[in-house]
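Undergrad: So the chains spell out like this:
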Amino acid sequence: MDVVLIALLVLLVVGSLIALELRNLLSAVIAVGVVGLGLSIVFLLLGAPDIAITQVVVEVIVVTVLIRLTGRTGRTVDAAPDRRDAVAVWLGGGVLLMLLGLMIHVLSALPRFGSGASLPAGHYLENAPAQTGASNVVTAILLDYRAYDTLGEATVILTAIVGALVVLRHTGRDVRRAPPVPRGGPPGGADDPKPAERELPPQHSAARSRDQEVQHV
Amino acid sequence: MIYPLIAVLLFVGLYGLLVKRHVVQKILGLAIVEYAVNLLLVAIGYRDGGRPPILTPGEDPAAFAAGSVDPLPQALVLTSIVIGLGVVMLLVAIAMRLHQRFGTLDTTRMNRLHG
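In order, the protein sequence lines correspond to chains X and L.
The first sequence runs 1 to 217 under the numbering used here.
The second sequence runs 1 to 115 under the numbering used here.
So that you can see chain X by itself, here it is in the shape it has in the complex:
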């Protein structure tokens, strides 16, 4: 069991390195897909079937979307040498070394692998089947004990969707490739706003700020 787990983890590390070093982005995305699917097997070995299923579904969606992205924006990484690459490697290496020191400290403070469940876990495991009627304790936690967390998760997903829609929308956006359109519509058009109307908002705001000054005095 431990040997299988370690072999899978080595596969994950090697697959991630391959994914980051490949020049062909389509191959890189597929390599990350392999890493994600291997990760779901690791979750299964660690006694987490719910997470394994979720990981497979999420991985398939992510790989599909990333393949669509690389298909639209080009599939190869430009290999031209850049002076900044060396700086990035040295700075990145320095940051990683610092984090390595922290990580060794943290890992040595962790309990031994496989040493057991935490205190609240005991409470959940003993009481969840009787209190909630759910035989799967993970879903009992998600939907009963910590339902507000799940509500927050749904909120985050909704926010991400709204954000993606806002970023990708077409109307009302100054797209660079489009021919420049002068402000206020095409010249001489019927819907050309009158100068008086265009002047109105600044005057209005100036008047309002004067009123505020008077009030402050």
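Everything labelled a hint here was simulated from the structure, so no lab data went into it.
Just so you know, these numbers come straight off a predicted model, no measurement behind them.
C-beta atoms are modelled at their ideal positions from N, C-alpha and C, and glycine is treated no differently.
Since no wrong hints were added, every one of them can be taken at face value.
Label pairs and their calculated CB-CB ranges:
{"id": "1", "chain 1": "L", "residue 1": "Gly49", "chain 2": "X", "residue 2": "His170", "range": "51 to 59 Å"}
{"id": "2", "chain 1": "X", "residue 1": "Val57", "chain 2": "L", "residue 2": "Arg109", "range": "29 to 37 Å"}
{"id": "3", "chain 1": "L", "residue 1": "Thr107", "chain 2": "X", "residue 2": "Ser118", "range": "38 to 46 Å"}
With the Cβ distance kept under 10 Å, some of the chain L side facing chain X (calculated, not the full set):
{"id": "4", "residue": "Pro4"}
{"id": "5", "residue": "Lys20"}
{"id": "6", "residue": "Ile27"}
{"id": "7", "residue": "Ala36"}
{"id": "8", "residue": "Val42"}
{"id": "9", "residue": "Tyr46"}
{"id": "10", "residue": "Pro53"}
{"id": "11", "residue": "Val88"}
{"id": "12", "residue": "Ile94"}
Here's a subset of chain X near chain L, in silico, CB distances under 7 Å, partners left out:
{"id": "13", "residue": "Leu12"}
{"id": "14", "residue": "Ser135"}
{"id": "15", "residue": "Ile141"}
With chain X held as given, fit chain L onto it using these hints.
TA: Then chain L, alone, in the frame of chain X:
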């Protein structure tokens, strides 16, 4: 041996985030960091010979509570995976907009001044 390998996976993802120039490679690096963090949390909740936290019919609840793996990190990691999906989707949307604006996804060529 398990925890250090997960830490190496985390560092591989951070390396991609910090050193790689292409936006898609940075997104892949972030995804790998997410994998490593989720895996570390689930691995901490593991118990030797542990079984999934699902009660089978007719099983003694006390024996179940003594032999199951930790369900709490699993529930929270489940949330984290789905949120990671949302993050990647938002990043892909921003990357498509960047490509439309600059014609490239190489971050070193995005800082040109346009009149």
